[in-house]
Amino acid sequence: MNRPTDDGPARDPLAPLFRHANARPSPPEADEQAVRSLLRAEWKALVGARRKRRLGVLAVAASVVLATSIVVLQPAREPAPSAAALATIVRQSGLIYTRPVTHPPSEARRLVSDTVSAGQVLRTADGAWLGLEWSGGLSMRLDQNSELALLGADAAELVSGSVYIDSGAGNGLGQSAPEIRTHAGVVRHLGTQYLTAIDPVGISVSVREGRVQVEAQGVAATAGQGEQLIVNLQGQVARRFVPTHGKLWAWTEQVIPKLDLDGMSAWDFVHWAGRETGRLVVFDSEAAERLARQTGLRGEVSLEPSRALELILQTSDLEHQIANSEILVRIRPGSS
Amino acid sequence: MPIYLDDKQLVKQLLAGDERAFSRFFEENFSRLYRFALSRLPEDPESTREVVQSAMTKALRNIRSYRGESALFTWLCVICRNELVDWTRRNARYRETLVFTEDDPGIREVVESLDAPDSADPLKRYTRHEVTRLVHVALDRMPPRYGDALEWKYIEGYSVKEIAQRLQLSPEAAQSLLARAKHSFREIYGALTQPLMDEIKAQET
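Chains as they are written, first to last, in this note's numbering: chain X, 1 to 336; chain E, 1 to 205.
Hint data in this document are derived by calculation from the structure and do not stem from the laboratory. What you are looking at is a predicted structure, and each value in this text was computed from that prediction instead of being measured. Take the hints with a grain of salt, since some may be wrong.
Stated by the list, open to error - When the alpha-carbon atoms are kept at most 27 Å apart in a straight line, the in silico DSS-like pairs for lysine-lysine are as follows:
id, chain 1, residue 1, chain 2, residue 2
1, E, 182, E, 8
2, E, 12, X, 44
3, X, 44, E, 8
4, E, 161, E, 182
5, E, 58, E, 12
6, X, 258, X, 44
7, E, 8, E, 58
8, X, 247, X, 258
9, E, 58, X, 44
Claimed, not checked - Only part of the chain X face toward chain E is listed, based on derived beta-carbon distances under 7 Å:
id, residue
10, 22
11, 27
12, 31
13, 35
14, 42
15, 45
Note that the Cβ used here is the ideal one computed from N, Cα and C, for glycine as well.
Just need the whole structure built from these sequences, with the hints factored in.
Right, here's the structure in full:
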């Protein structure tokens, strides 16, 4: 574009040189996403193998939990994800339908692929939930009776129902995340965990962790942890406090991504449960925290966090208690 | 020999499983490496992706061998260059590839060490295309924030205030970063162009 710069050419010897240059070409977005996704898998394998070697001696065996309280339907999948895939399906429960955005709802078909792409509309039936993992690792979960149009890597449109976004611990600012467009405004992710719900008169945006910005009718409002913004179709915004745990968030646990425990310590695991339930993890003693850090886990878990906590910790010398906004962890009485 | 502590730290965090380190590793290097390969496989984005993907995968698998003796991006370029050689061997139509000035070992060494002579004005001698290409090479050889800031300022035309906002810095800090970026650019660009300028001068005399 070569607009004038702050310094005139006379004062800045680089300006004439750059006047002959164009912006550097960017790689195609689909290529970038595909390579990122593949590299991330490579990195995860590398890091997992390394951590497994470190924790192997301390590993607690028999922490493999595959059962789940909801039916996880795994219809025949189409094998290789395409280069243009936006996200991978990591959990699916109940009936999910899809159609291209350009096609009418009557042409929706059962979702059977492993990945989803830009230009697809996803609809969850009654009693159905969907968990997606985007190429950067972001988790997106769709509530029952919801419809979401995937517009691209940077945007999705929530047509009905609720969507939950979790970009991962510590990945807040700067992490690329799609904005959620709704009939009452645009929700932009500035933090890590939030939920957008839609109804005929507007939207509500609840923040569990980090910050979220809602832009409606030319006005922007930001909500922080434990806040909920209610925005109507006229762009009026109301704010209230909401708990970061409990009923409002419960459905998001239905399609929680499967957790690979290999290489994780019990400390990592209880903090995962803390994030997924919006609760603070508290150790009742330094010894308990130390033991949690030294206790390695193996296997994988596909359960709701509260149930997973019960089953996993019972294989160790630790126990827990959930009390409102906290998960209290202590050494099991009588353990050596 | 300088040790690139920032890059070493990034690799350490990467090996520790830090998600932010992975994002930084990818975001700071993928686009630059892509352009590095694309300029050597012109008009072939598909092969470029294949080569870059392979190079970055190999780099990750061998990341423990990175000792910080060169910039991480330079280390990645070495791996990518080897991938390009393998690729051209497998694909005969590309055997006669162009050799770029920055591929000359002498120039490479200078660029990598940033120990470059003063810049020379290339506008009188180079075609616009070559100027653009070398500007891009120089921008990609700089720390990513420097390259981005210069591109935003001179090519996109952003104000210092806008650059500060994009980098989440104060205007004063952005101004300071731009000054460092300009200095770095002059050194790298000078190193890239000096040998060719010398050659032109030699032909004139």
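Checked hints:
Of the supplied pair hints, the one linking residue 182 (chain E) and residue 8 (chain E) holds, its CA atoms being roughly 25 Å apart against a limit of 27 Å. The hinted pair formed by residue 12 (chain E) and residue 44 (chain X) meets the criterion: a straight-line CA distance of about 15 Å does not exceed 27 Å. Taking the CA atoms of residue 44 (chain X) and residue 8 (chain E), the gap is about 19 Å. The hint holds against a cut of 27 Å. Between residue 161 (chain E) and residue 182 (chain E) the alpha-carbon distance is near 17 Å, which keeps this suggested pair within the 27 Å criterion.
Simply put, residue 58 (chain E) and residue 12 (chain E) have alpha-carbon atoms about 17 Å apart, close enough for the 27 Å limit, and the pair holds. Of the pairs offered as hints, the one joining residue 258 (chain X) and residue 44 (chain X) holds, with about 14 Å between alpha carbons and a cut-off of 27 Å not exceeded. A distance of roughly 18 Å separates the Cα atoms of residue 8 (chain E) and residue 58 (chain E); the hinted pair therefore holds under the 27 Å criterion. In summary, the hint linking residue 247 (chain X) to residue 258 (chain X) is supported, as the alpha carbons are separated by about 21 Å, within the 27 Å threshold.
At roughly 14 Å between alpha-carbon atoms, residue 58 (chain E) and residue 44 (chain X) fall within 27 Å of each other, so this suggested pair holds. At a threshold of 7 Å, the smallest CB-CB gap from residue 22 (chain X) to chain E is about 6 Å, leaving the interface hint in force. Because the beta carbon of residue 27 (chain X) sits about 4 Å from the nearest beta carbon in chain E, less than 7 Å, this interface hint is met. Annotation: interface hint on residue 31 (chain X) holds; nearest CB of chain E at approximately 4 Å, less than 7 Å.
A hinted interface residue such as residue 35 (chain X) counts as satisfied when its beta carbon comes closer than 7 Å to some beta carbon of chain E; here the least separation is about 5 Å, so the hint holds. For residue 42 (chain X), the interface hint holds, the least distance from its beta-carbon to any beta-carbon of chain E being 5 Å, beneath 7 Å. A distance limit of 7 Å between C-beta atoms decides the matter here; for residue 45 (chain X) the minimum to chain E is near 9 Å, and the interface restraint is violated.
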